[in-house]
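Trainee: Given next are the chains, with one letter for each unit.
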Amino acid sequence: MDSEFRDGARTALPIVISFIPFGLLFGALGVDNGLTSFDVVLASATIFAGASQMVGIELYGQKVAPWLIVLSIFAVNFRHVLYSAAIGRRMRRFSAGQKALAFFFLTDPQFAESEKHVGAGKALTLRWYMGLGLTNYLCWIGLCWLGALFGRLIPDPHAFGLDFLLPIYFLGLVMSFRKRPLWLPVIVASGAASVVAWHLVGSPWHVSLGAIAGILLAVVLPPRAGSGAAAEGASR
Amino acid sequence: MMLSEQALVILGGAVATYLTRIGGHLVLSRFRSIPPRVEAGLDAVPAAVLATLVAPQLFNGGVAEVAALAVTAVAALRFGMLGLFLAGAATIIGLRALGL
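Chains as they are written, first to last, in this note's numbering: chain A, 228 to 463; chain B, 2 to 101.
Among these hints, one or two may not hold up.
To be verified - Selected chain B positions facing chain A (Cβ under 7 Å, derived; list incomplete):
no., residue
1, S34
2, R38
3, G42
Note that these hints are calculated values from the structure, not bench results.
Don't be surprised by glycine CBs; every beta carbon is placed ideally from N, CA and C.
Could you put the whole structure together from the sequences, leaning on the hints where they help?
Mentor: Pasting the structure below:
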């Protein structure tokens with residue numbers, strides 16, 4: 228197998244472990260809320276965004292109007308607009324068709340691992356990107372399908388701490404960006420703003436509102452001397 | 002073939018999700034060059050978004066959750082992704098098993 232593709236697929240290992248409980252849970256909850264196994268697989272294969280899929284089935288089970296379910300999925304996934312703007316800069320070598328394909332796979336870990344890959348000085352190739360993306364994608368669909376078939380056999384995930392694996396993985400990713408300029412002020416601003424927004428506005432808006440607070444801080448703070456783009460800005 | 006109402010809602014959600022995944026790039030690619038300040042903002046996106054996915058968990062967590070996140074953060078200074086993940090997972094599973 229192609230080594231770039233394999234390297235990307237290997238990067239998916241901790242990601243897949245961390246979403247095992249969520250895939251199984253989505254399948255089980257989907258069936259509980261009146262979806263067929265086919266619907267569960269269709270949702271995972273076409274939406275491919277765990278948190279928004281959970282919100283979708285929850286609302287579906289409550290008989291909420293279809294347009295409102297679609298709007299809620301859009302709201303939960305709104306953070307991807309930021310990912311898309313940021314990672315697009317790393318895809319200059321991709322053709323338009325390759326970009327259109329690649330953006331379909333742009334999940335939280337896909338974005339973060341790709342940024343890490345570029346940060347480590349490696350080129351973002353389509354083969355590496357798809358090795359990571361396809362591994363996540365196929366495992367996610369398979370897990371959701373298993374959850375739909377055997378969901379009732381799953382023991383309480385809270386008791387085993389399985390519900391907390393994703394925050395642990397996300398914190399690991401936060402830490403992996405600690406060499407970036409303004410890292411600490413950005414995570415403090417985003418984290419604090421997200422907790423405030425979580426109380427005042429509620430989920431899922433705390434994600435986009437918190438993120439915007441950190442990003443705005445990075446925009447207004449004086450660029451740190453030494454980093455290439457920043458030094459360029461100061462000389463203008 | 003007629004699609005069921007469930008399938009139509011799902012496909013609507015899929016289109017909405019894809020628009021968020023390609024939209025940021027489509028907007029940004031209309032500009033020929035990216036101003037340095039915008040570039041600095043985009044460089045902050047990974048840490049900014051990921052922090053919002055963790056902070057409420059830290060704020061609302063009990064002893065086991067806060068301890069697991071602390072172990073993860075320290076382990077991140079020494080180990081790679083898989084190592085820190087296993088350290089955090091072992092902490093949460095162990096402490097919850099102890100009833101914390």
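Trainee: How about G42(B): closest beta carbon in chain A under 7 Å, or not?
Mentor: holds, 4 Å
Trainee: Tell me if S34(B) is really an interface residue toward chain A, meaning its C-beta lies closer than 7 Å to one of theirs.
Mentor: violated, 11 Å
Trainee: Given R38(B) was flagged as interface, is its beta-carbon under 7 Å from a beta-carbon of chain A?
Mentor: Hint holds; R38(B) Cβ to chain A Cβ min 5 Å, cut 7 Å.
Of the numbered hints listed earlier, the single one contradicted by the structure is hint 1.
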